[in-house]
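Enquirer: Now for the letters of each chain:
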Amino acid sequence: MNPNPVDLIVDKYQEKRTAIISILHDVQDRYKYLPDEALKMVASRLRMDINEIYGVATFYKSFTLTPQGKHSITLCLGTACHVRGGPKILRELKGLLYIEPGQTTADRQFSLNVVNCLGVCAIGPVMMVDRKFYGEMNPIRAKKIIEKLNNNRRGVKS
Amino acid sequence: MRTVKSVKDLEKWKNDILSKQKRHEIIVSVCGGTGCQALGCQKVKATFQKELRKNGMREKVALKVTGCPGFCERGPLVTIFPQNIFYQRVKAEDVPEIISETIQNGKKVDRLLFEDPEAHRKITSSQDIPFYKAQMRLLLSNNDLVDPTRIEDYIAIGGYQSLAKTLFQMRPDEVIEEIKDSGLRGRGGAGYPTGKKWEDCKKESNETKYVICNCDEGDPGAFMDRALMEGNPHSVLEGMLIGAYAIGANQGFIYVRHEYPMAHKNAETAIQQARRVGLLGKNILGSGFDFDVEIAKGGGAFVCGESTALIASIEGRVGEPRSKQIRTVRQGLWGKPTNLNNVETWANVPLIIEKGSKWFSSIGTEKSKGTKIFSLVGQVKNTGLVEVPMGITLKEIIFDIGGGQQNGKRIKAVQTGGPSGGCIPASLFDLPVDFDSLTQVGSMMGSGGMIVMDERTCMVDVAKYFVHFLQEESCGKCLPCREGLKRMGQILDGITEGKGNEESLSLLEELAEVVADTSLCGLGKTAPNPVLSALRYFRPEFEAHIYQKKCPAAVCTPLIQYSISEVDCTGCGVCVKVCPTQAIKGEKKQSHIILAEICSKCGSCKDVCKSNAVMVQ
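So the sequences go chain by chain: A and B.
All residue numbers for the first sequence refer to this note's numbering, where the first residue is 1 and numbers rise by one.
All residue numbers for the second sequence refer to this note's numbering, where the first residue is 1 and numbers rise by one.
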């Protein structure tokens, strides 16, 4: 039987409790979110109170306890992106997807998140779609990107 | 890869690399920074690879992917050495022409050169471009020369020579004296004298001590630490090694924020390479000094840029700050003496050791020495990373380097210091940029974000933006920060929605004072700065929102209305296509109208209208 991925991750960090943040990052990279079962396993392997792990998982914004959509849309709302029209793009995205930041569409296709700075300020507003950066965004380009991802999906189905 | 066991080995290695490099007649250097990646540099690199192979030129031409040279807005950037030809906005389609024209025939491809916006003259080398001309690139210039994933490139430019000098020619006390004499102050924002911090940490009589590199660059609008860590991670490691030797630490940590995957990757690669050759580990260069570095990853919490919160995070706890009655140099990571410096501070250290404290302290002003990297962003023509000597004026940075206003819009302020700083009005642009001058006018230098704002930016909206930012990022441990910022946010929300009244501003000021005076850590203590500085210099904008219920910059949506000028509208219908809410109606070639009740005020119509017929009031 193949070893459980969570076990492998905890092994990689030699069961160190102080590595909890790195462990959670790796678990999230594997599942795209932090499943309850995985957290329970981490807790038992590290001999940590599960509540303490939830404390860490909910304090740090990078972690999510809910399953994510197929495509992740991350909009930067750092100061430079803000003054260059980031909020307009957010309004457009919310209108297109009918969700708020931090939520996932009902069909599990898109998750929308906002971050405080991606550090690509010189070409803002910046949007990250499935880990790919897009610079000099505007509402029209954002709409095109979403529509393209949506059309691709339909293309696969038909 | 070889191992380096002595200074002699290091010297020999450097010479071997240099003689090998001579074999390449031409170097093509492609920027691989995050900015250029967003603009498509990976395709450019892949096409170079393919084309060079196809033309059988791989022996003659070296292809190098470097860190960020700073002029992100013009990316992807490609430089051809030794001619030093600077190509900007390069696309994959341009690559065959660069190879046939420049590399094979030595001719320039004019359309890819930078054009001087005033003289309309093409400029060949980056140092002649106004954006670079007024800079003093002590740290960033190495980003152009080094492939950050190859330790050999760093060795070739004299890397780890300062470490060798420190280990064999200087006692720890002498290193600390040198750093103190240089006048280096912490580049993370507070400007604490680096040498003094090291001295305090060295004094502690504890066998275990730690050094930490703070790469949790959370200030929105700042990305110089990312560029250094991505572009030249070995310079940071060398700085940490020197600091650790001076202080007496054998273990270091680099805390990298989660939003910087490439900085994390390049730092990890650099550590592994340094370890493999013996520049990290036991008995470094045969000196008897042991030192190693681990990376700790952040989790997207802004407060973790604060030293005690960062330490809590490395320890695997939630990132809540503690009172700093006992400083971290006495009790830091796991209760041991800990010296924490920012990325840029560490990167300055090898330079000071190499060239001497006298040389370093000759740059800058009386109390702020050396250079500082700023990220010049926002509503300004040239955006990117700029490294300038301390004491240069804001005007020189924004107008000479930044090229001034965008699309003829009047620049009204620059925001420095991130959420702890403030907005400096254009009337004060003659101010020299150093630690003390910016603090005097109610802002601060901070880590180096410089966000230029023009007439399209509403200062009330900016104040509101920062308060909401900090409210969200407050860890919640102390009440003034947790509750005070929430209430300040509510007042500002009210003002931008047209619900402000006579008492709003005085209440806001009173609350700001309480939050600043009674919060536990730097986040709360400095949180009111953006609001207070906006009130100090842009009060009429607040009053317009409250008394006239108008937003002069036309940003706050509840106070604005979009309409179409009947005279100017040509009825082309472009706006109809882009309107996300189908709020624009009208026959083709007839004047159009906007239905106010459906309009989401996104401004897309205004952005696309060619006859400037969309009005906003």
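FYI, nobody ran anything at the bench for these hints, they're computed from the structure.
None of these values were measured; they are calculated from a predicted model.
You may find that some hints are simply not true.
Derived pair list, reagent style BS3-like, types lysine-lysine, alpha-carbon separation capped at 30 Å [claimed, not checked]:
1) K148/A x K610/B
2) K43/B x K5/B
3) K265/B x K132/A
4) K144/A x K585/B
5) K61/A x K336/B
6) K367/B x K196/B
7) K43/B x K70/A
8) K70/A x K577/B
9) K143/A x K577/B
10) K148/A x K324/B
11) K143/A x K610/B
12) K409/B x K610/B
13) K91/B x K61/A
14) K143/A x K589/B
15) K40/A x K16/A
16) K265/B x K40/A
17) K585/B x K606/B
18) K32/A x K14/B
19) K355/B x K64/B
20) K12/A x K282/B
21) K409/B x K148/A
22) K381/B x K91/B
23) K265/B x K16/A
24) K143/A x K61/A
25) K94/A x K282/B
26) K94/A x K550/B
27) K16/A x K43/B
28) K43/B x K132/A
29) K585/B x K550/B
30) K144/A x K589/B
31) K144/A x K43/B
Enquirer: Each hint should be assessed against the structure and marked as holding or not.
Expert: Tested hints:
no., hint, result
1, K148/A x K610/B, "holds (26 Å)"
2, K43/B x K5/B, "violated (40 Å)"
3, K265/B x K132/A, "holds (16 Å)"
4, K144/A x K585/B, "holds (22 Å)"
5, K61/A x K336/B, "holds (28 Å)"
6, K367/B x K196/B, "holds (14 Å)"
7, K43/B x K70/A, "holds (25 Å)"
8, K70/A x K577/B, "holds (28 Å)"
9, K143/A x K577/B, "holds (12 Å)"
10, K148/A x K324/B, "violated (52 Å)"
11, K143/A x K610/B, "holds (21 Å)"
12, K409/B x K610/B, "holds (17 Å)"
13, K91/B x K61/A, "violated (36 Å)"
14, K143/A x K589/B, "holds (26 Å)"
15, K40/A x K16/A, "holds (16 Å)"
16, K265/B x K40/A, "holds (29 Å)"
17, K585/B x K606/B, "holds (15 Å)"
18, K32/A x K14/B, "violated (44 Å)"
19, K355/B x K64/B, "holds (28 Å)"
20, K12/A x K282/B, "holds (23 Å)"
21, K409/B x K148/A, "violated (34 Å)"
22, K381/B x K91/B, "holds (21 Å)"
23, K265/B x K16/A, "holds (21 Å)"
24, K143/A x K61/A, "holds (26 Å)"
25, K94/A x K282/B, "violated (55 Å)"
26, K94/A x K550/B, "holds (26 Å)"
27, K16/A x K43/B, "violated (40 Å)"
28, K43/B x K132/A, "holds (13 Å)"
29, K585/B x K550/B, "holds (26 Å)"
30, K144/A x K589/B, "holds (26 Å)"
31, K144/A x K43/B, "holds (22 Å)"
Checked against the numbered hints given earlier, the structure breaks hints 2, 10, 13, 18, 21, 25 and 27 and satisfies all the rest.
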